[in-house]
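*Asks:* What follows is each chain in one-letter form.
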Amino acid sequence: MDRVITLDLEKQTVREINQFLHHDLGESSARVEILNPFGVHNIAVGLDAPVEVDIRGHAGYFTAGMNKQARVTVHGNVGWSVAENIMSGEVRVKGCASECAGASGHGGLVVIEGDASSRCGISMKGCDIVVGGGVGHMSAFMAQAGTLLVCGDAGPSLGDSLYETVIYVGGAIHSLGADAREEPLTADDRATIARLLAAARLERDPGSFKRVASARSLYHWHAGADHKAYS
Amino acid sequence: MCGIVGFLAKTPELRANLGEFVVPMLTCMGDRGPDSAGLAVFESPTPGLLRRYSLFVPRSDYNWNDLRGRLMAHFGGEIDLVARERHALFTAAVDAATFRRHIESHEPELHLLSAGRSISMFKDEGHPKDISASYGFTKLTGTHSVGHTRMATESAVSPAHAHPFTAGEDFCLVHNGSLSNPYSIRRKLEKKGIRFETDNDTEAACRFLEWRMREGNTLEEALRQGFEELDGFFTLLMATANKLVLVRDPFACKPAVVAETDDYVAISSEYRALAHLPNARQANIFEPVPEQIYSWTV
Chain A
0 MDRVITLDLE KQTVREINQF LHHDLGESSA RVEILNPFGV HNIAVGLDAP VEVDIRGHAG
60 YFTAGMNKQA RVTVHGNVGW SVAENIMSGE VRVKGCASEC AGASGHGGLV VIEGDASSRC
120 GISMKGCDIV VGGGVGHMSA FMAQAGTLLV CGDAGPSLGD SLYETVIYVG GAIHSLGADA
180 REEPLTADDR ATIARLLAAA RLERDPGSFK RVASARSLYH WHAGADHKAY S
Chain B
0 MCGIVGFLAK TPELRANLGE FVVPMLTCMG DRGPDSAGLA VFESPTPGLL RRYSLFVPRS
60 DYNWNDLRGR LMAHFGGEID LVARERHALF TAAVDAATFR RHIESHEPEL HLLSAGRSIS
120 MFKDEGHPKD ISASYGFTKL TGTHSVGHTR MATESAVSPA HAHPFTAGED FCLVHNGSLS
180 NPYSIRRKLE KKGIRFETDN DTEAACRFLE WRMREGNTLE EALRQGFEEL DGFFTLLMAT
240 ANKLVLVRDP FACKPAVVAE TDDYVAISSE YRALAHLPNA RQANIFEPVP EQIYSWTV
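Residue numbers (numbering that gives the first Met the number 0), protein chains in the order written: chain A, 0 to 230; chain B, 0 to 297.
Calculated from the structure, these hints are not laboratory results. A couple of the hints might just be wrong.
Residues from chain A shown here face chain B by an in silico Cβ test under 10 angstroms; the list is partial [said to hold, decoys possible]:
1) 57
2) 79
3) 216
Think of the CB as a built atom: it goes at the ideal place given N, C-alpha and C, for glycine as much as any other residue.
Turn these sequences into a full structure, and let the hints guide you.
*Replies:* What follows is the structure, given as C-alpha cells:
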C-alpha cells in the first residue's frame, strides 16, 4: 500500500467521506484511516475499489454495506446490519456486532471477532460469515447460500427455514429453527471450516464444530399432507 | 420508529449536571423521533406529605400564578410553583388522588403529567432539540432520567400521546415499538376501574404494569407477567423513584444499547447517542438480550 489517507468524521460528514471513497481514490491502491466514527451510520457503504479502510472506533448501522472489493476493518463495535448485502471483499469487526450482521450478503467474507447479535446472516445469499464469539436468536434465518461459521454458542431458532447455507457451530446450540437439522461432519466440512478459520485468522480445531443444514422438508408444498389442523 | 434514552448518575457531580448529559442524547435521538418528545427526571424524594405534580396546558399564555393562588385557596397551606412555557411543577402537601380529582373537576384545561415524591415530567410536540431548549432541560438535576423521541405510527401526534407515560406515583415508561393487543389489555383493566387518558398503545402497557405493582408485585414480577400479556414489539425503559429498568421483547426487533461506567449508566436506542458521553469508549457497552430484565438502582 503506497498511500495512507486520513479522514475524520469530526471534520467531514459521512456523505463527504463516502463520496470521496466512491469517486476520489484514484487508480492506485490506498489505505484509508477513518477517525472519530462515534457510532455514525452508513460509514464506508457502497465501496467498489481494492482499498483498505480502517475505522478507528465504534461505528453505527449499515457499516460497509454493499461492499465490493474493499477490505474494511472496524476497530470497535458496530450497530445493526454491518456488511449487509456484501458482494465481495472483506469486512472485519474487531469488537461485537449488533443485529443482522451480513444480512443478504452475496459474496465476500464478513468476520465478527466478538459476538454477533440476533439474525446474523439473515437471508444470506452466498457470502461467508465467521463469528469468533456467539450469535443471537434467528441467525441464518432463510439463509440461501454461503457459510455461517460460529465459534461460540448459537441462540434460539438457529437456521429457521434454511435453504442451502451451511452453518457450523463450535459451542452450544440453544435450539434449531424449523427445517434446520444437525448432520454429521464430513472431511469436506472440516476442510471448509479450516479454510474459513484461516481466512478469518482465527485458531480453532476444525473437528470441534457441529454442522447444521436444511432438512429441505419446507422446499415443496406437500399436497398429500393433512391440513385439517389449520382449518 | 422512536428513540429512547435513559441516564442514571452515580456521582453527586453528574447528578448536579444531569440535564447536560441527557439533552445531547435526546437531541441525537431526534433523528428517530422528530414529532414530539418527553423527559422524566427523578430527584431525592420530597419529605412528609409533600408531592410533586407536573402539569401541562396546551397554550402558552396560561397564568400559572393565578392557578397557584386558586390551589392555595382551595387546599390551604403553601404551594410551590416552578413554571416554564406550557409546563409547571407544583409542590404541595396534598395526596395524589385528591390533587388529581381537583384538577380534573376544577381545571379541565390542564393535564396532570406526573405525580410523586421524586418524579417531574415534561412532554410536548416538536423536535426534541427545540423542546429541550424551550423547557431548559440542560439545567435539570436529579439521580436518573428517562426520555423519548416519538415518530408516531399508531395514534395521534399530541403532547398527551407523547411519552413518557405515567400511572400511579413515581413510575414512568417509554416505549419503542408497537403493541398489537393494547385494546384487550385496556378492556381488562377498565373492568377493574382503571381509567385511560389516551388511545395510545403504550398507555396500556404502562397502566398494566402499574396495576400489577399496586396489587403487590415488584416491577420485575410485573414485567414477567407483561411478557405473557403484552403482544407486539417493544423495548421498554422504565423508572421508579430509585430504579431504572430496561427490557426487550422476545424478538428484540427494537434496538437498545447500554453503556455503563463507574460514574453512570446510559441507555439509548443507538450507540451514537452515547458516543459523546465521558469515557464512552472505555464503558462496558452491551446490547440487552431479549426477555431479560435489566435493573439499576440509584
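*Asks:* Answer holds if the nearest beta-carbon of chain B is closer than 10 angstroms to that of residue 57 (chain A); otherwise answer violated.
*Replies:* Residue 57 (chain A) check passes; min Cβ-Cβ to chain B is 6 angstroms, inside 10 angstroms.
*Asks:* Double-check residue 216 (chain A) for me: the hint is only fine if its C-beta lies closer than 10 angstroms to a C-beta in chain B.
*Replies:* violated (24 angstroms)
*Asks:* Is the interface hint for residue 79 (chain A) satisfied, with its Cβ closer than 10 angstroms to some Cβ of chain B?
*Replies:* holds (7 angstroms)
Going down the numbered hints, you'll see the structure goes against just number 3.
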